[in-house]
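S.K.: Spelled out, the chains give:
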Amino acid sequence: MTDLTDLTIAEARDGLSNREFSAVELADAHIAAMEQGRLLNAFVTETPERALQDAERSDGRLKAGDGRPLEGIPLGIKDLFCTQGVLTTASSHILDGFVPTYESTVTANLWRDGAAMLGKLNCDEFAMGSSNETSHYGPVDNPWRRNGANTSLVPGGSSGGSAAAVAARLCPGATATDTGGSIRQPATFTGTVGIKPTYGRVSRWGIVAFASSLDQAGPITRDVRDAAIMLQSMAGHDAKDTTSVDVPVPDYEAALTGDIRGLRVGIPGEYRMEGMPGEIESLWATGVEWLKAAGAEVVDVSLPHTKYALPAYYIVAPAEASSNLARYDGVRYGLRVPGEDIVDMYENTRAAGFGAEVRRRVLIGTYVLSAGYYDAYYVKAQKVRTLIKRDFEQAFENVDVMLTPTTPNAAFAPGEITDPVTMYLNDIFTVTVNMAGLPGISVPAGLSSEGLPLGLQFIGKAFDESTLFRAAGVLEQAAGFDAQPGKWWA
Amino acid sequence: MERQADFAKCIKGSTGDWEVVVGLEIHAQVASRAKLFSGASAEFGGAPNTHVSLVDAAMPGMLPVINRFCVEQAVRSGLGLKAEINLKSVFDRKNYFYPDLPQGYQISQYKSPIVGEGEVLIDMADGEAVTIGIERLHLEQDAGKSVHDQHPTSSYVDLNRSGVALMEIVSRPDIRSAEEARAYVSKVRAILRYLGTCDGNMEEGSMRADVNVSVRHPGDDLGTRCEIKNVNSIRFIGQAIEHEARRQIDIIEDGGVIDQETRLFDPRKGETRSMRSKEEAHDYRYFPDPDLLPLEFDQAFVDEIAGSLPELPDARKQRFIDDYSLSPYDAGVLVSDRASAQYFETAAKGRDAKVAANWVMGELFGLLNRADVEIETSPISAEHLGELIDLISDGTISGRIAKDVFEIMAETGSAPGSIVDERGLRQVSDTGEIERIVDEIVSANPDQAAQVAERPKAIGWFVGQIMKATQGKANPQVVNELLKKRLGMS
Numbered sequence: 001m002t003d004l005t006d007l008t009i010a011e012a013r014d015g016l017s018n019r020e021f022s023a024v025e026l027a028d029a030h031i032a033a034m035e036q037g038r039l040l041n042a043f044v045t046e047t048p049e050r051a052l053q054d055a056e057r058s059d060g061r062l063k064a065g066d067g068r069p070l071e072g073i074p075l076g077i078k079d080l081f082c083t084q085g086v087l088t089t090a091s092s093h094i095l096d097g098f099v100p101t102y103e104s105t106v107t108a109n110l111w112r113d114g115a116a117m118l119g120k121l122n123c124d125e126f127a128m129g130s131s132n133e134t135s136h137y138g139p140v141d142n143p144w145r146r147n148g149a150n151t152s153l154v155p156g157g158s159s160g161g162s163a164a165a166v167a168a169r170l171c172p173g174a175t176a177t178d179t180g181g182s183i184r185q186p187a188t189f190t191g192t193v194g195i196k197p198t199y200g201r202v203s204r205w206g207i208v209a210f211a212s213s214l215d216q217a218g219p220i221t222r223d224v225r226d227a228a229i230m231l232q233s234m235a236g237h238d239a240k241d242t243t244s245v246d247v248p249v250p251d252y253e254a255a256l257t258g259d260i261r262g263l264r265v266g267i268p269g270e271y272r273m274e275g276m277p278g279e280i281e282s283l284w285a286t287g288v289e290w291l292k293a294a295g296a297e298v299v300d301v302s303l304p305h306t307k308y309a310l311p312a313y314y315i316v317a318p319a320e321a322s323s324n325l326a327r328y329d330g331v332r333y334g335l336r337v338p339g340e341d342i343v344d345m346y347e348n349t350r351a352a353g354f355g356a357e358v359r360r361r362v363l364i365g366t367y368v369l370s371a372g373y374y375d376a377y378y379v380k381a382q383k384v385r386t387l388i389k390r391d392f393e394q395a396f397e398n399v400d401v402m403l404t405p406t407t408p409n410a411a412f413a414p415g416e417i418t419d420p421v422t423m424y425l426n427d428i429f430t431v432t433v434n435m436a437g438l439p440g441i442s443v444p445a446g447l448s449s450e451g452l453p454l455g456l457q458f459i460g461k462a463f464d465e466s467t468l469f470r471a472a473g474v475l476e477q478a479a480g481f482d483a484q485p486g487k488w489w490a
Numbered sequence: 491m492e493r494q495a496d497f498a499k500c501i502k503g504s505t506g507d508w509e510v511v512v513g514l515e516i517h518a519q520v521a522s523r524a525k526l527f528s529g530a531s532a533e534f535g536g537a538p539n540t541h542v543s544l545v546d547a548a549m550p551g552m553l554p555v556i557n558r559f560c561v562e563q564a565v566r567s568g569l570g571l572k573a574e575i576n577l578k579s580v581f582d583r584k585n586y587f588y589p590d591l592p593q594g595y596q597i598s599q600y601k602s603p604i605v606g607e608g609e610v611l612i613d614m615a616d617g618e619a620v621t622i623g624i625e626r627l628h629l630e631q632d633a634g635k636s637v638h639d640q641h642p643t644s645s646y647v648d649l650n651r652s653g654v655a656l657m658e659i660v661s662r663p664d665i666r667s668a669e670e671a672r673a674y675v676s677k678v679r680a681i682l683r684y685l686g687t688c689d690g691n692m693e694e695g696s697m698r699a700d701v702n703v704s705v706r707h708p709g710d711d712l713g714t715r716c717e718i719k720n721v722n723s724i725r726f727i728g729q730a731i732e733h734e735a736r737r738q739i740d741i742i743e744d745g746g747v748i749d750q751e752t753r754l755f756d757p758r759k760g761e762t763r764s765m766r767s768k769e770e771a772h773d774y775r776y777f778p779d780p781d782l783l784p785l786e787f788d789q790a791f792v793d794e795i796a797g798s799l800p801e802l803p804d805a806r807k808q809r810f811i812d813d814y815s816l817s818p819y820d821a822g823v824l825v826s827d828r829a830s831a832q833y834f835e836t837a838a839k840g841r842d843a844k845v846a847a848n849w850v851m852g853e854l855f856g857l858l859n860r861a862d863v864e865i866e867t868s869p870i871s872a873e874h875l876g877e878l879i880d881l882i883s884d885g886t887i888s889g890r891i892a893k894d895v896f897e898i899m900a901e902t903g904s905a906p907g908s909i910v911d912e913r914g915l916r917q918v919s920d921t922g923e924i925e926r927i928v929d930e931i932v933s934a935n936p937d938q939a940a941q942v943a944e945r946p947k948a949i950g951w952f953v954g955q956i957m958k959a960t961q962g963k964a965n966p967q968v969v970n971e972l973l974k975k976r977l978g979m980s
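Residue numbers (our numbering), protein chains in the order written: chain A, 1 to 490; chain B, 491 to 980.
Hints in this document: simulated from the structure, not taken from any laboratory.
Check before you lean on any hint, since a few could be wrong.
As the list claims (entries may be wrong) - Quick list of in silico lysine-lysine cross-link-like pairs, DSS-like style, CA-CA up to 25 Å:
(1) B:K601 x B:K719
(2) A:K380 x B:K601
(3) B:K601 x A:K383
(4) A:K240 x B:K578
(5) A:K380 x B:K584
Said to hold, decoys possible - Per the computed footprint, the stretches of chain A lying under chain B, defined by three or more beta-carbons under 8 Å from a beta-carbon of chain B, are:
(6) 8-17
(7) 95-108
(8) 203-209
Note that this is a predicted model, so its numbers are computed, not measured.
Virtual Cβ for every residue (Gly too), placed ideally from N, Cα, C.
Start from the sequences, fold in the hints, and give me the full structure.
M.R.: Shown next, in the form of structure tokens:
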């Protein structure tokens with residue numbers, strides 16, 4: 001029998017329904033992998049008992065022929081999702097000991113569909129970071145290594161734990177969130193698939209907020225089909241999140257027809273940035289050839305305001321974050337560092353509770369919203385955002401999807417990037433998608449010269465994840481990406 | 491257009507006349523069972539922290555959902571204030587740290603309120619009618635309550651009020667005296683009570699006002715204003731304005747300048763004092779709440795609410811003048827409170843309305859005042875008062891006896907008819923019986939009888955004696971006629 005941890009969600013689903021193995025066996029295999037993989041530091045909280053309980057219940061249902069879409073599938077949950085009765089920290093010191101009495105809508109949907117919880121996954125603190133180095137619980141190690149090297153690499157961020165756990169086969173799928181690239185960039189760095197759905201497709205209720213107008217949850221999986229299966233369960237309108245949109249969720253798996261003949265694929269010229277590594281550019285060109293070969297029509301499109309997206313993002317996101325993080329004040333839950341008076345307590349608590357990157361963004365956000373600067377920064381950034389949206393709307397009049405690189409580089413080593421702005425540039429191809437509220441998917445497409453995974457990104461029209469899955473499925477097929485990291489940690 | 495200075499309303503100072511300029515921000519709690527953005531109870535009272543949802547406590551990942559009923563009440567109030575209704579409005583975050591503000595921001599409406607400009611007509615005792623401009627009405631959340639006297643070194647926080655819906659009604663600086671301010675607040679309260687959108691109960695804090703006061707010499711530009719926060723009774727609003735105006739005049743006349751600042755009114759000392767200094771002046775960093783989409787509704791929604799509005803005080807006053815021939819003053823007093831107007835109409839139905847008005851405004855209001863009860867819980871029902879009026883007009887009892895019956899009604903709550911019967915208070919109109927008594931008393935007092943011949947007014951003495959002998963039950967008209975006849979005056 002093949003190792004159960006090598007199975008994709010779809011394969012595990014079939015094996016379970018054919019009774020080739022039990023949900024408990026599947027859970028056990030992943031619990032063992034999770035324990036063996038502790039060197040990766042992907043999980044901040046392991047919940048093996050819970051996983052087994054869930055699996056036992058699933059076995060009962062499977063026996064009764066009453067299996068649900070994700071029956072018995074063990075999943076990892078980014079620690080940004082509030083889980084009832086299970087420590088939830090957003091990888092921040094300030095949420096020390098915080099055990100929610102409630103379950104986020106996304107995770108509740110997954111449990112409703114029969115999934116089992118393996119544990120909570122490490123991430124950048126409050127999802128602020130592109131390398132998972134800002135976590136209070138320490139960095140996550142990327143399972144991948146450069147050819148012939150043993151240097152540790154970052155898994156990307158903020159959903160670094162999710163990406164690393166899926167790539168290292170600690171779990172077949174994981175939840176993640178994406179505010180500026182936090183699903184797609186780590187997916188690229190780890191050779192996994194990650195989709196950020198359209199803003200409003202997935203409920204934000206119960207997910208620790210970073211930047212409310214940009215945050216969106218999605219899955220990280222090992223292939224496109226699994227991403228479709230997971231998103232199917234995660235998505236849907238939620239009356240508790242009034243920014244979630246009440247539109248039907250189509251059958252995503254059924255969208256994987258493998259047929260993209262006549263599909264119009266746009267190539268935004270502005271993404272061909274100066275100084276972009278040759279191997280990224282050539283991977284992109286290869287992707288174009290694959291799509292053409294599959295019968296797609298490739299056309300050039302223009303997104304003229306692209307260069308303003310990153311600066312505008314770094315105004316909007318910190319502004320919202322500075323306000324969203326005001327609730328972590330030591331009064332009601334989490335960390336409290338006493339002080340002389342209330343202001344002193346606030347200052348002590350927040351100084352001790354927030355890491356450097358979070359403090360930086362709270363400061364930037366507070367600054368750009370201050371009297372006298374609001375119009376120059378926040379209002380202007382919102383205008384830029386409108387222009388970026390319009391760019392996409394106009395371009396999408398002529399094309400069905402767009403193809404771009406996901407990131408300008410492969411995974412780097414911890415400590416290699418210390419300048420915040422250089423770090424922010426990792427999101428250059430992904431933030432535009434959040435700013436416009438559109439869906440984006442990253443698919444592994446090849447290896448760098450150093451043997452590290454690289455990904456390509458499809459950007460879709462609002463609420464047209466189906467076309468993204470269809471196009472991504474074809475590219476996945478053409479790329480035939482089957483490289484795996486060596487299991488150095490086990 | 492700005493009001494011309496009325497010298498009669500000016501305050502005399504050593505440097506001449508001073509005009510007081512007042513603008514009010516009334517915070518009226520929406521009469522809603524649930525809070526503005528959560529389903530928790532908005533009821534007054536309750537043990538501390540028992541009416542608190544996850545949203546009200548600002549738990550991580552919680553999202554606000556607008557309460558439709560509260561929106562309807564705001565629109566209703568706007569229509570009652572003859573104001574423009576904005577079909578699109580925006581919720582903003584007002585950011586500041588305070589322990590009873592769990593989110594670290596208050597959700598309010600800053601740039602785009604739900605209700606725009608309107609006006610309120612106030613009637614002054616001298617018959618003058620003054621129009622006070624309404625600048626806006628917006629919806630916002632209330633904060634919780636800090637309790638500082640339960641522990642030697644710490645404060646407690648009660649979040650029961652956190653998130654309760656408030657309407658902030660902002661007037662133009664059109665008010666020119668404490669008296670006008672009182673009349674304005676009374677009128678706004680009456681309108682909201684007629685509409686049923688706020689119970690106007692200032693003792694329970696469901697209505698309170700921030701009072702902006704400045705002074706100037708008539709014709710000058712507006713002076714620097716001070717804001718007196720959270721004044722919670724109409725009487726205190728008047729006192730606060732009087733004290734504050736005097737304080738500012740004294741400062742300016744002594745060569746000083748007014749600091750724009752926030753002040754508190756101390757009802758025990760009857761004075762205002764500085765609340766916070768400029769160093770602590772807040773920069774609220776308002777920005778649109780990204781968790782809430784703009785609030786939008788169509789004209790049909792407004793029209794439906796407009797169609798359900800009750801008759802409002804101004805219209806009712808006019809009707810009282812037209813239909814009941816009441817004086818504008820009496821009509822104004824009666825309609826100032828919906829329950830009083832209702833009471834009057836019930837008591838006056840099919841009767842002499844002026845008599846009814848006199849009884850309501852005279853005896854009844856006197857009784858309620860002495861007993862310190864509201865008209866809603868009046869010991870004498872409007873139906874009973876009506877019956878009492880009937881007993882007078884059909885001659886069953888005299889007006890004098892009616893006052894006694896009224897007192898008994900107040901004590902016992904019994905119907906006037908049964909009181910009159912049980913206590914034998916029926917008026918004696920039997921001429922034979924009265925003639926006998928008249929004869930008896932005139933015969934016994936020849937000197938007085940002689941005086942009457944010279945001074946006809948002395949007849950009053952005989953009337954008094956006869957009423958005394960009949961315990962007031964004799965019909966005074968019959969007594970008069972018979973007396974005049976017996977004394978040879980007719």
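S.K.: Against this structure, judge whether each hint is valid.
M.R.: For each hint, the structure was consulted:
1. B:K601 x B:K719: holds (22 Å)
2. A:K380 x B:K601: holds (17 Å)
3. B:K601 x A:K383: Roughly 17 Å separates the two Cα atoms, so the pair holds.
4. A:K240 x B:K578: holds (21 Å)
5. A:K380 x B:K584: holds (20 Å)
6. 8-17: violated (count 0)
7. 95-108: holds (count 6)
8. 203-209: holds (count 6)
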